[in-house]
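First to last, the protein sequences are chains Y and C.
This note's numbering puts the first residue of the first sequence at 1, with every later residue one more than the last.
This note's numbering puts the first residue of the second sequence at 1, with every later residue one more than the last.
Hints were generated in silico from the structure; no laboratory data involved.
Mixed in with the good hints there might be a few duds.
To be verified - Computed list of lysine-lysine pairs in DSS-like fashion (alpha-carbon distance at most 27 angstroms, straight line): (1) Y/K155 with C/K78; (2) C/K190 with Y/K201; (3) C/K78 with Y/K193.
Said to hold, decoys possible - Taking CB as the label site, the calculated pair distances span: (4) C/M266 with Y/G324: 53 to 61 angstroms; (5) C/P50 with Y/K193: 24 to 32 angstroms; (6) Y/K193 with C/S193: 31 to 39 angstroms; (7) C/A163 with Y/A195: 51 to 59 angstroms; (8) Y/G324 with C/S151: 39 to 47 angstroms; (9) Y/E234 with C/V7: 43 to 51 angstroms; (10) C/G81 with Y/A195: 20 to 28 angstroms; (11) C/T128 with Y/G45: 46 to 54 angstroms; (12) Y/A195 with C/I293: 52 to 60 angstroms; (13) C/D32 with Y/A195: 16 to 24 angstroms; (14) Y/A221 with C/S215: 43 to 51 angstroms; (15) C/G81 with Y/Q344: 57 to 65 angstroms.
All C-beta atoms in this analysis are idealised placements derived from N, C-alpha and C, irrespective of residue type, glycine included.
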Amino acid sequence: MKVFMEGSHAVAEAIKMIKPGVVCAYPITPQTHIVERLSEMVADGALESEYVNVESEHSAASVVLGSTATGVRSYTATSSQGLILMSEVLFNIAGMRLPVILTCVNRALSAPINIWNDHQDSMAVRDAGWMQFYAENNQELHDLHFIAYKIAENKDIMLPAMVCMDGFILSHGYEVLDLAIQDQVDKYLPPYKPAYKLDPKEPLTMGLLGAPDVYMETRYAIQKTMDEVLPVIEKEEQEFEKIFGRELPLLIEEYRLKDADKVLIAMGSICGTIKDAVDGLRERGEKVGLLKIVCYRPFPANKIYEALKRVKKIGVVDKAISLGSSGPLHLEVAALMQSKREAQPISGFIAGLGGRDIRPKTIVKIFNLMDREPQSARFIDLNKWYKEESAIMVS
Amino acid sequence: MQEDLFVAGHTACAGCGQSLAARIVLNAAGRDTIITNATGCLEVFSTGFPQTAWRVPFIHSLFENASAVASGIEVGLKALGIKDGVNVISQGGDGGTADIGLQSLSGMLERGHDILYVMYDNEAYMNTGIQRSGMTPAYANTTTSPPGKLSLGNPQPKKNMAAICAAHDIPYSTTASVGYPRDIERKVKKAISIKGPKFLHIFVPCPLGWRHDPSATEKIAKLAVETGLFPVVEYESGNISKVMQFKELKPVNEFLKTQGRFKHLMKDSPEIKEAIEFLNKIVQENVKRYSLIKQ
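With the hints as constraints, model all of the structure from the sequences given.
Laid out in C-alpha cells, this is it:
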C-alpha cells in the first residue's frame, strides 16, 4: 500500500506490525517521533505492548535487555548522546546474545551540542557486537526492521541489531513508500521463540562471571556468528522479496558500478544524493559509480572486494571521523583493499558532520578531488573563515 | 527441612554476611523467583562460569542497572501474562544501589513495578578491595578514606536509603540486619505479599573489609542495631510503622572495638573524642526519629 509518510512513522508502522511485547525508550531528538507514535498506538490499543517510560537511555537499554531475557520480543530507539549513554548496556546485550532491536536515528555527538545528522554515534559503538544496517531512504528503513528481527532472532544467530537512519533527513522527511501488509509480516516473521529465557520452571543463570579461561571463547563465538550472518542475510534478501514483492539490498548495492573507473563508497541517505550526482556525471561521459554499504556490521568484505577489484580509483565518504585517524568506513575499506594484492588509490572524505548539507555539487567536487593525491581524511566544505583565519575553535 | 535455593560451593569469604543474607532472602521468597543482581561480590562469588549457586533464574547485567533490568523482566512477564505467581527480586550491594545504581532504582520505584529490591549493605566497595561508598559510616577506614595526619577516616555518615525509598511513596520500605535472620525472613515474606515496589536494606558485616573475626559476623550485625547506629525500622506508604526497640542502647564503642576499620579510634585524643561525640549524636538523632528506646 503506497502512502506518503514521515520516516519516523514508517518505523513506528513497521514496529506495530512486528508486535513487540515491550517497547521502552527515553526521549531524544531526533528519535522522538518514533516513540511518540508508538506510545499513541499503545494508548489507542492499536499496539498491544507494555510501553515503559524510563528515566534514562541506560535504563531503556536495560529494560529491553531484561524483557528480551524473559523471552519477549522488545524494541527501543535512540540517538546520539542517548546511544552513547546506552553503550555500556549495548555490549552487555550482545554478550548475553539477546536479539534486541534498536533504531538509531543518527545524530552528531557533543561538544558542541548539535542535534543534526551524522554517523558519529553509531560508529562509536560499532564494536559492541551488534549488527548494523544503514537505510538510504524511508522504504529501506521501514523494511529493514522486519529483516533485523528475523535475522537477530534466528536461533543460529541470536545477536542484537541496530537499524540506522539519518536524523531529520529520513526521520522527519516525508516520502512515498510501500507500506507492508500485516499478513506479509506475519508470514515473514514468526512469533519470537527464544532458545533460552529466565523461567522459574527451568532455572538458568545469565550474565555469569567469565574468567580468562572462558571470556575469549565468548568473543570468538560472536565473531564466528558474525561471519555466519552474511549468508543468512543473503537468504533473507530472497525470502523478503518473495513475500513482500520488492527488492531490498541488505549487504551492498552497486549503482552504475560495473564499468566505473571511479567509485564512491558511502552509507545512508547520502547514497541517494550520490546516485543523482553519478547520473549527472555519466551524462557528461564520466565513468563513475557508487557502492552503497547497507550492512556495516558484519562487514561484507568479500562482496565489497569483488565490487571494487577492477575499479581504478576509490573514494570513501564518511559522515563520522575516528579523531586522530580517518573515517571509520575509510579505515575499513583501506584495510580490506590493502590486505589484497595491489591496492588502488583510496581517498577518504569527511562530509556532512553535524548536519552540514551535502548537495550533488558537493559530490561532484568529491569525485574531482579523487584525481588528486589521496588523503585519508579530507574535510569537505569547511567554512572559508575557518581556513583563512586558522581560528582556534573552543567549544 | 527447608530447601536451599542458594547453594553451597560458591566462593564467598568465611563469615560473609552478604551470602548469609542472600540465602535467607531467597529461601523466604521461594522457588518462583527471578533474580537480577548488580555487579558486586555476590554476583562474582556465586556465578563463576560454568558454575552457579542459584537454583532460581538469575541474571547479572551491569553495576548500575539491576533495577532497570528487573523492570524489564517484570514487564516481560506481564507481556507473557505470567507476572502473578513470579516474584521479581532485584539486588545489589551498597555501591550498586545507593551510589551508581540510585537512578535506576529511583526509576523502578517511581514506575511502580512489582519488584522487591534488596540492598546488601557491607558499607563499602568490597568487590574491588574496600573502597568508600555512600553507605560507608563516618570514620571508617577504607582504602579510599584512610585515616592519616589530617583525617580520621571517612568524613561523611551513611545515607538513609530506606527513607529515600520510602519518600517515593512505595508501599513498603524497611531495614534489617543479618544478626536477626527471622526478622529478614518475615520482611521478605511480607514484602512479596504486597503488590508494587518494595525496598529491603540488609546490614551485612564483611570480615575482610571490616577486619573482624569471621565468627563474629552475627554478633557485630546485632551490635550495630543494639548501639542505635543502625536502626531497624519499617515504613509503610511513606510512614514509619514498626521499629526494633530496646530498653537501653549499648555504647557505640562496643560496636567500634570489634572491627579493625575503627582501630584508629581506639586512642585518646581531642579529635577522637569529638568523633565519638559525633557518632553519639547520630545515635541520639536515631533515638528521637525512630523512638528506639522502649518506654
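How the hints compare with the structure:
| no. | hint | in the structure |
| --- | --- | --- |
| 1 | Y/K155 with C/K78 | holds, 24 angstroms |
| 2 | C/K190 with Y/K201 | holds, 24 angstroms |
| 3 | C/K78 with Y/K193 | holds, 17 angstroms |
| 4 | C/M266 with Y/G324: 53 to 61 angstroms | holds, 54 angstroms |
| 5 | C/P50 with Y/K193: 24 to 32 angstroms | holds, 25 angstroms |
| 6 | Y/K193 with C/S193: 31 to 39 angstroms | holds, 33 angstroms |
| 7 | C/A163 with Y/A195: 51 to 59 angstroms | violated, 44 angstroms |
| 8 | Y/G324 with C/S151: 39 to 47 angstroms | holds, 41 angstroms |
| 9 | Y/E234 with C/V7: 43 to 51 angstroms | holds, 47 angstroms |
| 10 | C/G81 with Y/A195: 20 to 28 angstroms | holds, 21 angstroms |
| 11 | C/T128 with Y/G45: 46 to 54 angstroms | holds, 48 angstroms |
| 12 | Y/A195 with C/I293: 52 to 60 angstroms | holds, 58 angstroms |
| 13 | C/D32 with Y/A195: 16 to 24 angstroms | holds, 22 angstroms |
| 14 | Y/A221 with C/S215: 43 to 51 angstroms | holds, 44 angstroms |
| 15 | C/G81 with Y/Q344: 57 to 65 angstroms | holds, 58 angstroms |
Consistency with the previously given hints fails for number 7 only.
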